[in-house]
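**Q** Throw the hints in and build the complete structure from the sequences for me.
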Amino acid sequence: MSKNTLFDKVWDLHKVSSLPGGSDQIFIGLHLIHEVTSPQAFGALKDKNLRVKFPSRTVATVDHIVPTDNQSRPFKDNLAEQMIETLEKNCIEHKIKFFNIGSGNQGIVHVVSPELGLTQPGMTIACGDSHTSTHGAFGSIAFGIGTSQVRDVLATQTIAMNKLKVRQIWCENKLSNGVYAKDLVLHIINKLGVKAGVGFAYEFAGPAINSLSMEERMTICNMSIEGGARCGYINPDEKTFSYIKNKLCAPKNENWDEALLWWKSLKSDANSIYDDVTKIDASKVEPTVTWGITPGQSVGINQKIPLLEELSPDDQFVAEEAYEYMGFKPGQSIKDTPIDVCFIGSCTNGRISDLRVAAKVIKDKKVSQNIKAFVVPGSEKVAKEAKIEGLDKIFLDAGFQWREPGCSMCLAMNPDKLIGNQVSASSSNRNFKGRQGSPTGRTLLMSPAMVAAAAISGKVTDIRDFM
Amino acid sequence: MIKKFQTPVGPISKIVGKSIVLIGDDIDTDRIIPARFLKCVNFDNLGQSVFEDDRKNLKGKHPFDLESNKGSSILIVNSNFGCGSSREHAPQALLRWGIRAIIGESFAEIFYCNCIAIGIPCFTLPKKLVKNIQENKNLNNSLCEINIKESTFKSTFFNFDLEIKTSSKNMFLSGEWDATSTLLANKKLIEKKLNDLPYTKF
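Protein chains in written order, with this note's numbering: chain A, 243 to 709; chain B, 549 to 750.
Hints are supplied without guarantee of correctness; some may be wrong.
Said to hold, decoys possible - List time: in silico DSSO-like cross-link candidates among lysine-lysine, alpha-carbon distance up to 27 Å:
id, chain 1, residue 1, chain 2, residue 2
1, A, K290, B, K587
2, A, K288, B, K740
3, A, K433, A, K405
4, B, K679, B, K566
5, A, K295, B, K735
Honestly, the hints are just simulated from the structure, not real lab data.
**A** In structure tokens form, the structure reads like this:
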């Protein structure tokens, strides 16, 4: 059993009680809500005649269903309009802070909360969204919950949960040029598997992690859930503190000093005990692309799609399903796979640094013929910053569409969808069957730089050839 | 007359019904309920859309469309079932289709918790045993009974022991799986915690 890790410390600090059944009652410091997984929770509160216990500890935004072309109200899609109206109504009724479209702070919930300084070290953070693990990049313990647990957080500010085990993923050395956080996390998921993290929190550590920016760290923690780990985190350091400083909701003045003092004490001890430790050599990671229907089915850009017999017996069943669905032959190169759609955005890679990297790749170049390429900034703030830097113009000049912020084609709940069996190069997080809105659509996950390179060449390309 | 859907309530100790087999590893929640069906403010109509895309693709041959599986309530799956999105819509869709318990090699974490929270017990079994059950031709014709306290599965053709986390078992037997009232009972402790946490003062 783990001991003295950051996870243990934050868990123990937030434990309210041991419940009769054997699980723990955990206090949630920050609760984030959006339009998709909250309406039924508010409905359940009403049914049980309950109120929101601490409204100031819940913050809302709207992201999943928002259209990215025309955001004027009412939305063309009646169901989407009904969902945003329900959220607006619930936030007013329960006095919950809501960052709505046009507020300057709307966006994907996991982009918005860090950029507002709401996400802070040592907190427990929950949201009805599996990518809540993103916030672990700040040394908080953050995890996705379902709607019934959203109800419980609203009503009690706590949830019932079993304590997770802790696996440290020690990333040695540094990423080489043209290799990004996205490649590292895809590589980790490939090595460990998509279910290795079940029952675990992942602590990402080591020189390769320390050298990453906060936004890159968010990309890593974001995809913990794709490796099965509900929660992933990184011990906070000076980069963490300076990222938070002066943000809208960050502690100010003497509160800042007090917060800093506490945050600096928050890390896994040198003699912490982990349930498991795994080592990854970051210098060996190549630009990585998924070829299948789970985020674990990936290869380095210069590798071939694995043969069935090269895979462990446990992975063969899904591999066969993936070859068939994706239309790939075992042993085929992933490089040069023709692409139809290029998507840059999502809570994984829709931040300003992602847009900067992609813009650099496409500057003074043109999107390949017959490719639909579009950029969906992660938030209104990201969009504003990009415009100040002239990134929107670079994308538009290259032939990309420049859209309004939202989750967009990461999960295609809005009008942005693949058509038929189109192949997308996507900076998002899931390549599940049908994930991007067409039941036969095919997704190749990769870094934003690789998506940009694919947009220019019209096929899967090694970004390092562009550098 | 259409029977009104009843959500589970109170202590759950027994599940009786037919079993339905669904083969496949890493079946994600996007497949269980595609994202377009999440555009709703209640869960009421999700049952009919469960596995929508997979079912369309198999043109009536999907296990959830087979006549022989109609009215089944115990779902037998493979490994990492329910991975991906935290959408509770996935177990809610299964529940509304008629599923009351799931037996599998392993479950994704958030899916498993969502199942507990809505009253669907999930049990695990070793891979080989799951395979044996899934391949048994007589499964379909047999009424099965899961006893949560004993953690047993009984049917005309075979009986075996099931595995379930002790905390989950206790929650189903006591009714505590519907957690809100249990959590609310510690009102004073919750308020104390809020005041004791360093960052609530920042």
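**Q** Next, verify each hint and record whether it holds.
**A** Outcome of the hint check:
1. A/K290 - B/K587: The hint holds at about 24 Å.
2. A/K288 - B/K740: 26 Å, holds
3. A/K433 - A/K405: Holds, at roughly 25 Å.
4. B/K679 - B/K566: 17 Å, holds
5. A/K295 - B/K735: 10 Å, holds
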